[in-house]
Amino acid sequence: MDLYEHQGKELLRGFGIETLPGVVAATPEEAKRAADTFGGTVAIKAQVLTGGRGKAGGIKVVKSPDEAEDAARQVLGMDIRGHTVRKLLVEAGAAIASEMYLSITVDREAKKPLILFSTEGGVDIEEVAATKPESIVRMHLDPLVGLLPYQTRQITFAAGLEGDAAKGVGRTLTNLYKGFEGLDASLVEINPLVLTEEGQVLALDAKVTVDNSSLYRHQDIAELRDVEAADPQEERAQEVGLQYVKLDGDVGILGNGAGLVMSTLDVVAQAGGDPANFCDVGGGADAEKISTALDIVTSNEKVKSVFFNIFGGITRGDEVARGLLSAIERTNIELPIVVRLDGTNAEEGRSILAENTPPNVKTEETMLGAAQRAVELAREGGR
Amino acid sequence: MDLYEHQGKELLRGFGIETLPGVVAATPEEAKRAADTFGGTVAIKAQVLTGGRGKAGGIKVVKSPDEAEDAARQVLGMDIRGHTVRKLLVEAGAAIASEMYLSITVDREAKKPLILFSTEGGVDIEEVAATKPESIVRMHLDPLVGLLPYQTRQITFAAGLEGDAAKGVGRTLTNLYKGFEGLDASLVEINPLVLTEEGQVLALDAKVTVDNSSLYRHQDIAELRDVEAADPQEERAQEVGLQYVKLDGDVGILGNGAGLVMSTLDVVAQAGGDPANFCDVGGGADAEKISTALDIVTSNEKVKSVFFNIFGGITRGDEVARGLLSAIERTNIELPIVVRLDGTNAEEGRSILAENTPPNVKTEETMLGAAQRAVELAREGGR
Amino acid sequence: MAILVDENTRLLVQGITGREGGFHTRRMLASKTQVVAGVTPGKGGQEFEGVPVFNTIHDAVEETGANTSVIFVPAPFAADAIFESLDNGLETVCCITEGVPVHDMMRVANYPRLQNATLIGPNCPGMLSPGKSNVSIMPQDIFKPGRVGVVSRSGTLTYQIVNELTQRGIGQSTAVGIGGDPIIGTDFIEILKKFEDDPETECVVMIGEIGGNAEQRAAEYWQSEMETPVVAYIAGFTAPEGKTMGHAGAIVSGGESTAEAKSQALQKAGIRAATNPTEVAELVAEALK
Amino acid sequence: MAILVDENTRLLVQGITGREGGFHTRRMLASKTQVVAGVTPGKGGQEFEGVPVFNTIHDAVEETGANTSVIFVPAPFAADAIFESLDNGLETVCCITEGVPVHDMMRVANYPRLQNATLIGPNCPGMLSPGKSNVSIMPQDIFKPGRVGVVSRSGTLTYQIVNELTQRGIGQSTAVGIGGDPIIGTDFIEILKKFEDDPETECVVMIGEIGGNAEQRAAEYWQSEMETPVVAYIAGFTAPEGKTMGHAGAIVSGGESTAEAKSQALQKAGIRAATNPTEVAELVAEALK
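Protein chains in written order, with this note's numbering: chain A, 1 to 383; chain B, 1 to 383; chain C, 1 to 289; chain D, 1 to 289.
Note that these hints are calculated values from the structure, not bench results.
Treat the hints with care, since some could be wrong.
[What the hints assert, rightly or not] Chain C residues, not near chain B, derived (Cβ > 10 Å throughout): (1) Leu29; (2) Gly44; (3) Val53; (4) Ala81.
[Said to hold, decoys possible] On the chain C side, residues computed to face chain B include the following (Cβ under 8 Å): (5) Thr56; (6) His58; (7) Asp80; (8) Thr166.
For glycine and all other residues, C-beta sits at the position ideal for the given N, C-alpha and C.
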């Protein structure tokens with residue numbers, strides 16, 4: 001679960017990370033009032049769950065409350081990489097001496113937390129990694145031991161820091177690791193981490209991703225989820241325990257198992273089609289779940305045909321066929337549905353489908369054949 | 001550093017260990033008032049830093065405030081294994097269903113915390129270990145991993161606990177381990193840990209030893225030290241950084257290095273003498289420290305002769321001799337002092353001593369010879 | 001021979017009396033797997049389908065000599081269950097449980113190496129050596145004993161591909177689902193190594209997906225250390241950036257984690273990569289010629 | 001030969017610019033020890049007695065190839081210093097520092113084994129192989145090269161006994177002070193094993209004291225695994241129960257931890273136990289005959 005900048009900062013402040021004072025504003029008037037409170041220069045920052053907002057014009061630095069109001073009016077409602085700006089963070093200004101980068105991620109290969117630090121902050125770290133790899137200090141931690149003082153020193157010395165900067169970064173790193181652990185984060189990233197002219201080290205941005213599997217022990221964070229910003233169908237899928245991701249194409253796709261569904265998307269694309277979504281209905285043949293999934297997939301207006309790809313494993317093909325029929329009965333879908341059923345008891349399943357299905361349901365024996373058919377049906381126009 | 005029962009309980013309550021309500025009393029009147037507050041049966045418990053107070057009559061269970069006052073009068077001032085009772089813990093009563101034993105210690109061999117649990121509590125655990133070893137459940141922990149839920153279950157199941165008792169002991173153990181870690185304890189022992197007839201699990205006693213080397217990070221605990229109960233000379237020694245332990249004999253002993261001093265005590269005993277103390281003056285030839293040590297050792301009225309055993313290592317023998325002479329000058333000790341000086345530059349040191357010392361200082365070349373001499377001098381009577 | 005599980009596997013099921021654990025225990029028993037013990041705290045002394053149930057792994061191992069465990073306990077208790085298995089000397093531990101917190105996994109994931117044990121999963125379908133032992137939630141019926149090793153980050157996609165192999169008459173030595181989470185106990189490389197050392201395995205199918213760079217590392221490993229041919233398949237070419245595709249570990253978050261990048265690395269190393277599940281079986285048939 | 005430290009020891013001093021660290025660095029240099037690096041955070045780039053000083057062990061090892069470290073940093077930072085040495089690949093780490101919290105030591109004490117490294121101490125005088133290398137605070141002058149290994153929980157008592165040996169013309173291969181704390185990195189047994197494997201060591205002196213039961217375990221080990229004769233000495237027969245005798249680990253807290261019990265165990269195993277330091281040298285002379 002990705003958090004907005006203002007949420008991430010709020011949580012990290014609880015672990016001792018220092019930031020500039022800021023206020024969340026949802027209207028130009030609120031932004032003006034906040035700017036008035038802080039006085040002087042303030043930053044108006046779009047709150048969106050995506051990167052690159054700076055380049056997209058989502059951050060404005062202004063010098064007066066009136067300018068703040070104008071800037072807020074421009075930024076609110078802006079579309080940044082498909083995300084609509086509905087909130088702003090109005091943040092006090094600071095005299096910045098230098099910009100650094102600091103993050104802690106989960107390293108899959110080492111199975112350990114990985115710290116990345118660079119004095120070249122404020123820009124895309126992947127760019128820094130590509131052009132000046134030597135400017136990035138990397139260190140793995142043993143999660144059972146935690147972050148040791150020597151490791152903090154090793155990082156700051158390697159980066160060539162001294163005095164206030166070394167102390168401030170060391171303290172920030174110590175606290176950030178506490179936050180990383182305490183929040184069950186899979187990513188905490190501060191870019192830029194700035195050194196002010198007064199020698200303070202402040203987090204000017206914060207990107208926090210909390211591990212979804214840990215949300216059961218962080219009810220407070222789970223409640224931060226911005227339901228309004230989410231796709232309503234993705235939201236509905238999540239509520240019933242379906243994995244659904246909306247895409248841009250016209251072939252609706254359902255299947256059992258994440259890997260099989262990903263593969264199905266690929267096969268449809270190879271057949272010249274354009275997948276409209278990813279939807280994993282999971283194991284079993286629960287008619288209720290299948291019908292909800294069908295409903296979600298077809299509620300996307302773009303969808304012109306549906307490919308339901310089932311591999312009967314533990315759940316036998318005949319059971320799946322019956323579950324599917326019952327699900328289709330409950331909905332009133334008129335779009336063509338291509339069903340491919342394979343695996344355990346597949347033949348029995350296919351004959352059950354052949355005998356009982358409405359005319360818009362077509363069965364296919366192979367995944368490749370079914371993909372081809374679904375793509376053709378979508379081309380023919382569906383509804 | 002050993003803590004009194006009431007101190008240990010107070011600290012452990014901070015980690016969630018449940019106890020009976022109790023009040024510390026220093027006078028019979030205070031004990032009466034406390035008993036009155038609790039009502040019904042109360043226990044009057046001597047607060048001493050030694051075991052075996054029950055057998056010594058240091059614990060009385062009484063049924064009324066007047067009885068409490070009487071009991072307190074009896075127990076206060078009592079001598080238990082050389083410790084004078086100066087405080088009592090007046091504790092409310094409980095309906096006890098069973099008594100158990102629970103402790104966490106530092107296991108030197110495994111270099112890990114060791115949990116011991118037994119449903120045979122309330123008595124000396126070493127006796128239980130000797131007579132019914134199978135009734136003690138042992139488990140080592142990895143301090144980097146901490147106490148895992150399965151380990152708690154493994155302990156309670158192995159002990160045959162069920163229901164409230166299993167849950168209560170599990171919770172107590174989880175909290176006790178937090179206390180063990182949080183207090184930097186080298187021992188936390190609850191004996192007995194009781195199950196009440198209402199199904200509660202309560203610590204009826206608490207023995208907590210905090211690692212002296214960790215006290216710098218536990219100022220609050222360091223301040224709990226009962227200066228009044230300590231031997232005044234041991235107290236003074238500690239203040240100046242000397243290792244001093246008072247014993248019962250008449251040969252005062254000083255030396256440099258704990259192992260050498262222990263060995264010196266043994267050699268004196270083998271020579272038929274009776275060591276009056278252990279006193280390690282540490283490395284170097286600091287005249288101030290040596291004179292303080294001499295003063296502490298000879299302030300013991302029993303001491304009839306002093307054996308100063310020095311092995312010149314990094315500090316050369318001649319330097320040691322000069323430091324020693326300067327120290328003896330500062331004090332007005334008339335007791336015979338046998339000095340044995342060996343190691344680096346020992347000969348130079350001995351000749352310096354031979355030339356300049358007052359008549360009561362005798363030098364010897366070997367440790368065995370010096371021990372013999374000191375013992376003889378003590379027999380002859382000293383002061 | 002086979003890898004990880006075989007005739008000598010003496011299996012212990014953690015969470016045997018739960019819904020999932022019970023269901024799959026029946027299936028594993030039906031596959032002739034030696035299920036020697038179950039563990040459910042508080043149910044020690046009971047039996048489940050003839051299998052003795054214990055309160056702790058300690059007791060179960062002492063009584064039954066179990067050497068392998070499979071974990072079906074709920075996610076919040078999974079890491080504790082893994083520690084319990086490892087601390088009690090089990091050699092192979094398979095965690096089926098989905099949704100285990102990633103920080104819990106980081107704490108336990110480097111632990112098996114210290115104990116010379118192997119942790120498979122979490123969020124995986126398990127391990128199955130056809131005709132020998134089934135320590136998994138995979139459908140035994142679609143398998144056939146043979147000489148192709150299968151290692152995969154995914155469940156049903158594995159079944160799809162195994163089914164394609166079996167339908168072509170190609171049997172399997174062992175199939176291992178390593179799991180779809182960001183932090184898993186055992187990665188492709190360790191399994192490839194085991195297959196390389198297994199004289200019975202003549203070809204390996206490696207089924208990868210988006211997220212991380214385990215496939216790239218496996219490709220490098222194959223190129224420098226292996227002789228056994230590998231046929232690979234990667235899923236997720238059409239996955240957009242920043243969206244988790246079902247598995248917690250399946251997310252495109254940088255250049256390396258795309259299917260494209262993985263596929264290129266495989267081909268660069270000289271590994272045959274199929275473009276769809278059917279082609280996998282075709283390439284395996286060629287490799288076995 | 002010798003154990004732990006010898007001509008190949010390339011020493012790094014942690015806390016080289018501190019009072020203790022500086023004093024003993026001068027002494028170790030005077031003993032011809034190869035002190036190749038010092039570490040004091042913030043003083044990187046300086047020199048101390050010609051030895052380059054670094055900010056981190058990482059840098060020091062990279063630049064100088066140090067393989068051994070000796071730690072003089074204050075107690076609150078000692079465990080961190082040990083972790084820093086171990087994580088950076090040093091093979092032998094000796095912590096002289098006294099007063100290290102026991103919980104800090106429990107966290108780090110089982111770590112060296114995982115890295116195939118050896119931790120000596122804390123609260124120990126260090127290791128000295130006469131004429132080869134001096135990684136210690138021991139007075140080199142009283143030593144003499146030879147064939148007797150010395151292992152001890154105590155400092156000055158070791159000097160006393162080494163001196164007795166030297167005065168009799170008996171030289172030493174290596175003397176190791178393992179430390180007087182309850183939790184130490186390396187116990188008697190590991191050192192006895194190294195002496196047993198060292199062809200140059202013909203007899204070992206083991207100097208124990210009250211507290212714990214390391215001497216008993218060493219006696220059992222000697223009886224079952226060693227051929228090299230051992231002469232033992234135990235201090236603390238007159239120590240009362242419950243009083244710490246100088247060393248944090250020297251306290252009689254139960255039957256096993258008394259000098260009496262240790263002495264009996266040694267004799268039962270067939271180890272010669274001396275009753276005073278002078279007798280140690282006599283028994284060694286006999287053993288070497």
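Status of each hint after checking the structure:
1. Under the 10 Å C-beta cut-off, the non-interface status given to Leu29 (chain C) relative to chain B holds; the minimum distance is some 25 Å.
2. Not every C-beta of chain B lies more than 10 Å from that of Gly44 (chain C), the closest at about 7 Å, which undercuts listing it as non-interface.
3. For Val53 (chain C), the non-interface assignment is confirmed: its Cβ lies about 13 Å from the closest Cβ of chain B, beyond the 10 Å cut-off.
4. Separation of Ala81 (chain C) from chain B is inadequate, the least Cβ-Cβ distance of about 7 Å not exceeding the 10 Å criterion.
5. Interface restraint check: Thr56 (chain C) against chain B, minimum CB-CB distance 5 Å, threshold 8 Å, status holds.
6. Given hint, His58 (chain C) at the interface with chain B, holds; its Cβ is 5 Å from that chain's nearest Cβ, closer than 8 Å.
7. Satisfaction of the interface hint for Asp80 (chain C) is found here, the shortest Cβ-Cβ separation to chain B being roughly 5 Å, below the 8 Å cut-off.
8. The beta carbon of Thr166 (chain C) is not positioned within 8 Å of any beta carbon in chain B (closest approach about 39 Å), and the interface hint is therefore violated.
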